[in-house]
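If you're matching them up, the sequences are chains A and B in order. All the letters of the first sequence, read from the start, carry residue numbers 55 to 283 under this note's numbering. All the letters of the second sequence, read from the start, carry residue numbers 18 to 318 under this note's numbering.
The hints are simulated quantities; they were obtained by calculation from the structure and are not laboratory data. Since the structure is predicted, the reported quantities are computational estimates derived from the model, not experimental observations. Where is the CB? At the ideal position from N, CA and C, for every residue including glycine. Any given hint could turn out to be false.
[Said to hold, decoys possible] SDA-like, lysine to any residue: derived pairs with alpha carbons at most 25 Å apart:
#1 A:K171 / B:A25
#2 A:K127 / B:R234
#3 B:K317 / A:V115
[What the hints assert, rightly or not] Selected chain A positions facing chain B (in silico; Cβ < 8 Å):
#4 I129
#5 P130
#6 R133
#7 R134
#8 R144
#9 Q160
#10 V161
#11 S165
#12 P166
[To be verified] Negatives, chain A to chain B, calculated, CB over 12 Å:
#13 D75
#14 G181
#15 E229
#16 Y279
Residue strings, one per chain:
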Amino acid sequence: MISVSHVTKSYAASARPALSDVSVEVGKGEFAFLIGASGSGKSTFLRLLLREDRADSGALVVAGHDLVTMKPKHIPVLRRSLGVVFQDFRLLQGKTVAENVAFALQVIGKSPKEIAKVVPETLDMVGLGNKATRRPHELSGGEQQRVAIARAFVNRPKLLLADEPTGNLDPETSEDIMLLLDRINRTGTTVLMATHDRHIVDRSRRRVVELVDGAVVRDDARGTYGVDR
Amino acid sequence: MAAVTFIASEVAQGLRRNLSMTLAMIITTAVTLGMLGAGVLVVITASASQDKYDYLNEFRVYVDRSISIEDPDCEADCATIAEQLESTDGVATVEYKNPTQTYEEFVDLFASTDPVLVESTSPDALGSRFTLTLTDPTRAEAVATELAAVEGIEVVQGQGELVERVFSILDSIRNAAFAIAVVQLVATVLLIANMTQIAAFTRRTAVGIMRLVGASRRYTDLPFIIEAVIAAVVGAVLAVGGLLVGKSVFLDRILDEAYRANLIERITTSDILLMAPVLVVAGGVVSAVTAWATLRLVVKD
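Please take these sequences and the hints and turn them into a complete structure.
So this is what it looks like as structure tokens:
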């Protein structure tokens, strides 16, 4: 699902590369954590997978799309096969919960009939079926993240990328979000989650890829967060 | 169909949410397009007014009264004169008017400004006339000398120097108006670019989310482009309205005397109405292209 090989990425503002010769393979249906301290390159890695940025060198293939040779006009096709969740939720405050989720389908031209069917199903799945008409500011942080996850999953993507999805949530709510991501993973969707939440990583006992200063230092099949670095 | 509905609702929302910005854009495009239109009108009027002064560049050759009366159809003595005129070096065209035609021309010219003169002039008072244009106006003196040898005519020379002065004034007015129009056009483009940038900035979260969930550029860019085009077209329509009002309320009054003295060509309502579609289309196209180019620069893939 994700094949990253010898990828290096530098930014003009920094002398040290954000990613240095990184190689990672994530198979179909897998659940993997991408861990590391702030500035270790997690977000850069996710940005490259989303084709928000281009690598300086190396090969990247995501959900069957070769990101190195991909033309800008084909980027939307890549993103339709992905779902993305962020720490800050990124919901549209002027729209209701249902409208936020529907938005992801509207902009890719799905019919109103299909949207009317799929959106309530997805909201039920994330446990917000009864809050479809609320606005984001009326919801708790955990609920807002559920809306964001519903939006990311409503198009049934092959791959879900989550950038610190529990970063703004208390431990109990984080646990609920993890259960939700686990459920999504069990539908066959590959999940790659960047986090520095030690507790979650240790409890999950899933694959752990660790980045330190832009380089992969560890890739354990059933890992823990490990010692502080 | 779903796409059209979605984009239409985004446009409506955008225009409503950024109401003050939309109004600012409409007003400023109205002002700039109005000034552009005014500049174009000045250019048209200046060019049309030049035609009024073309006669100053011509030679008028008045045929002796006796020949005029005996030979109004220019077949005998008059025809000999015509041949001599045509063979004169430096003469480009020779046009003949018989006494009836010169009288009609005189009536046309003075009927509205001096009816008493027209009434007191009998139809047979004027003779026939040739009008000569020159291949090269600077050779006027040489032509005059040669024509002096022809018998049976009286030559009135064109006033090249005066023509040059009138034309140079009209040319400067036209050039100034054109320069202002160009500056206005540049200002309009920059303004639309600014407005589009601000609109894109205020909605960067929505656009960012649209891009993330796989919306094509058509979806993300079209609402902004359509908003810019709507504002520009409304602005252009207001500009045309402003020009019509400005013409009837101010220009017609200020220029009334100049019009009546036949000094400049009249600016008509149809001049403005003919220009209206050009202003509307130009406003729409310029805003669409500017908004599109701006979004290419400010919205990332």
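Problem set entry | Restraint satisfaction for A:Q160 [CB to CB of chain B, less than 8 Å] | 5 Å, holds
Exercise. At a threshold of 8 Å, is the proposed contact between A:R134 and chain B supported by beta-carbon distances?
Worked result: Where the cut-off is 8 Å and the nearest Cβ of chain B is about 4 Å from A:R134, the hint holds.
Problem set entry | When the least beta-carbon distance from A:I129 to chain B is tested against 8 Å, hint result | 5 Å, holds
Exercise. Are the Cα positions of A:K171 and B:A25 separated by 25 Å at most?
Worked result: With a Cα-Cα distance of about 23 Å, the restraint between A:K171 and B:A25 holds, given a limit of 25 Å.
Exercise. Taking 8 Å as the limit, does the beta-carbon of A:V161 come near enough to a beta-carbon in chain B?
Worked result: 4 Å, holds
Problem set entry | Minimum beta-carbon distance criterion (8 Å), A:R144 to chain B | Nearest chain B Cβ about 6 Å off; hint holds.
Problem set entry | Outside-interface status for A:G181 - nearest CB in chain B farther than 12 Å | It holds; A:G181 is separated from chain B by about 21 Å at its closest Cβ, greater than 12 Å.
Exercise. Going by Cβ atoms only, is A:S165 closer than 8 Å to chain B?
Worked result: 5 Å, holds
Exercise. For the hint on A:P130, does the least C-beta distance to chain B fall short of 8 Å?
Worked result: 5 Å, holds
Exercise. Regarding the pair A:K127 and B:R234, is the alpha-carbon distance no greater than 25 Å?
Worked result: 8 Å, holds
For this session: Have a go at the A:R133 hint: is there a Cβ in chain B nearer than 8 Å to its own Cβ?
Result: 4 Å, holds
Exercise. Should the label of A:E229 as a non-interface residue stand, given a Cβ cut-off of 12 Å to chain B?
Worked result: 26 Å, holds
No hint from the list above goes unmet by this structure.
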